[in-house]
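Please arrange chains B, C and D on chain A, whose structure you already have, making use of the hints.
Listed here are the chains, written in short residue letters.
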Amino acid sequence: MTPRTVISAALLILGGAFFLAGTLGLLRFPDVYSRLHALTKADNLGLGFVAVGLSIEAASFALSVKVFIVWASVVLASGISSQLIAGAAFRAGVAPAGKAPPGEAP
Amino acid sequence: MPPWLAYAASGVSLFAVGMSALVLHGEVMRKILAANVSASGVFLVLVALARRAPKGPPDPVPHALVLTGIVVSVSATALALALVRQLRHGAQLGPSDERRR
Amino acid sequence: MIPPIDLLLATALPLIAWRVLATDELPTSVVLFIAFGLLSALAWARLDAPDVALVEAAVGTGLTGALLMSSLRSMERPRPPSPWRARAIALVAAAIAVALASVVALLPRGALGLGPAVLARSEESGVAQPVTAVLMNFRGHDTHLEMLVLLAASIGVLSIQHGTASHGVDTAPTSSVVMMLVELIVPALVVLAGYLVWRGSRAPGGAFQAGAILAGGAVLLLLTRRMAPLSLERQMVRMFLFAGPVLFFLVAAVPLGFGGDMLEYPRGWGGSLILGLESALTLSIATILTMFFPQGAPAPRRRG
Amino acid sequence: MNELHAGLAVFLLLNVLVGLVRVARGPTFADRMLVAQLFGTTGVTVLLVLGADPGRSALRDVALVFAMLAAIAVVAFVQLVPMGGQDRDR
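Residue numbers (the working numbering), protein chains in the order written: chain A, 1 to 106; chain B, 1 to 101; chain C, 1 to 304; chain D, 1 to 90.
So that you can see chain A by itself, here it is in the shape it has in the complex (with noise of 0.2 Å):
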């Protein structure tokens, strides 16, 4: 076991433990505004250490590149894509947890 593969080892391990987050915060939070919240973070992040992990293992310059634009796709197409699902459920009137809903008196 060489440093190399026990750093990779570590932060694919530490990926997985965040998606295991973003899907116990799927699970268990009250409203979708916090789900949301909770999935998109964890998910991205768990994806950014498993694609630093790949990258490390295999030492290739071209797939660290390939991996990185992934990545980064990733992250702006779900960032917005999360902001998008918030505005439709909050005009459409889904009300935050604890909260009445938007647009009425509460």
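If you are wondering where the hints come from, they were derived from the structure by calculation, not from laboratory data. Predicted model only: the values in this text are computed from it and were never measured. Keep in mind that a hint or two might mislead.
Residues on chain D that point at chain A, a partial pick, calculated with CB under 8 Å [stated by the list, open to error]: (1) Leu4; (2) Phe11; (3) Asn15; (4) Thr28; (5) Leu34; (6) Leu38; (7) Thr41; (8) Thr42; (9) Ala52; (10) Pro54; (11) Leu64; (12) Ala70; (13) Val78.
Glycine is no exception: its CB is placed at the ideal position from the N, C-alpha and C atoms.
Positioned in the frame of chain A, the structure of chains B, C and D alone reads:
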């Protein structure tokens, strides 16, 4: 049981699930989804059969068939959906539809 | 011994398909169907069919989802089937499944199929990637006829929609966030499609994958009203639509005049001819797939 | 396939399958789209992990296609699907 056989069995079950839903449900949208599921089952069986050799590259001919098959099945789906929209446009469905507007 | 991931995928696929079809609410079915497409892409990946996985990724995540959502308003009321009928049908389906599965299980194990034959002659095809060689050379006539099927379907969709043009998509007003996404992602999709065509001669990729990706970008533009609806009245649209099939026809027919066989590529020209043909097919496939999407209200007619 | 990769891929796939519970529970269509989002990110990660296998490097291109097209379903959802209340009263 080799992995390809598991996928082939999965494909056969997909085909059966899709076919029974196609016969069972009256809604046209659901029939379209069911036909798509059946098609996926057929594709899965074909690609699984291409992987029968224990090592070496898989058979490229079924891959080519499935690849174009996916695109053709999207076109069939699109044609069916266009017909559904036209059907609705002609029928101007009742109150359930008004509510969504 | 089956690796756990294969067991998981093979079991999950029929279960999700069953949920897709049994769920009461259609929007839920549509989301589950998108998820189903993703899992099938993983199955293609595990079965060493990256070409198929690419098409599934492009078609399943982009086009099919958008198409289904564009038709969600056409929902009918659910009509729950009677339970005894459901049971009878399930029984028949199970019997058919068992019969089919036993046929599949009886097929010779370890068969190589046509793989060795394709590999042995890949030198002559002009391309090193076996799936591209099959599509564009060995079974070129199949691919040509498939293009004609696609063309026929797109003309069908267009003529059906003709009467209901005003009932195509009525999209919500576009927010600046969506615009930003579209501006960033559409140019990237064009580059990605070009990369896949260029790579198609040596590695997984090609006209069908690239065409589906371009169509995904075009659907984004249609959804945000950045692109005028495609109509046959626009010359550009007609050119793109027919470029692939017409070029394919010429490539097929010209050798006949010189005493060759139909679709016989001149020696040494296979590679370049296939690349040119693939580029034209990419444009045609992208245009056809985009036409499948409801085009919305027709743009005011412009002349000249 | 190295064991850590195999384990990670199975673990991520299980995450996706457990996430399907949220599709069933809803309650709003936005919740369901959120799960489609989860599928996208997790699916990309699984493909990258599978693509690290020698001889399967083409799967990274599949991951790239997924990553770039994942947004289309969400944009289609926002632009096309009327959410107006029909989910709220369930």
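Hint-by-hint comparison with the structure:
A cut of 8 Å between beta carbons decides the hint on leucine 4 of chain D: the least distance to chain A is about 6 Å, and the hint holds. Evaluation of the phenylalanine 11 of chain D hint against chain A yields a held restraint, the C-beta minimum of about 5 Å falling below 8 Å. Proximity of asparagine 15 of chain D to chain A holds as hinted, the smallest CB-CB distance being about 5 Å (cut-off 8 Å). Against a cut-off of 8 Å between C-beta atoms, the interface hint on threonine 28 of chain D holds, since the closest Cβ of chain A lies about 5 Å away.
Below 8 Å, beta-carbon pairs count as interface contacts, and leucine 34 of chain D has one with chain A at about 6 Å; its hint therefore holds. Here the hint on leucine 38 of chain D is kept, as its CB sits about 6 Å from the closest CB of chain A, short of 8 Å. Checking threonine 41 of chain D against chain A: minimum C-beta separation of about 4 Å stays under 8 Å; hint holds. Restraint check, threonine 42 of chain D versus chain A: the minimum CB separation of about 6 Å is within 8 Å; hint holds.
Against a cut-off of 8 Å between C-beta atoms, the interface hint on alanine 52 of chain D holds, since the closest Cβ of chain A lies about 5 Å away. At its closest, the beta carbon of proline 54 of chain D sits 10 Å from a beta carbon of chain A; the interface hint therefore is violated under the 8 Å criterion. Hint status for leucine 64 of chain D: holds, given a least beta-carbon distance of 5 Å to chain A, under 8 Å. Hint status for alanine 70 of chain D relative to chain A: holds, with the closest Cβ pair at about 5 Å, below 8 Å.
With a cut of 8 Å, the hint placing valine 78 of chain D at the interface with chain A holds, because the nearest CB-to-CB distance is about 5 Å.
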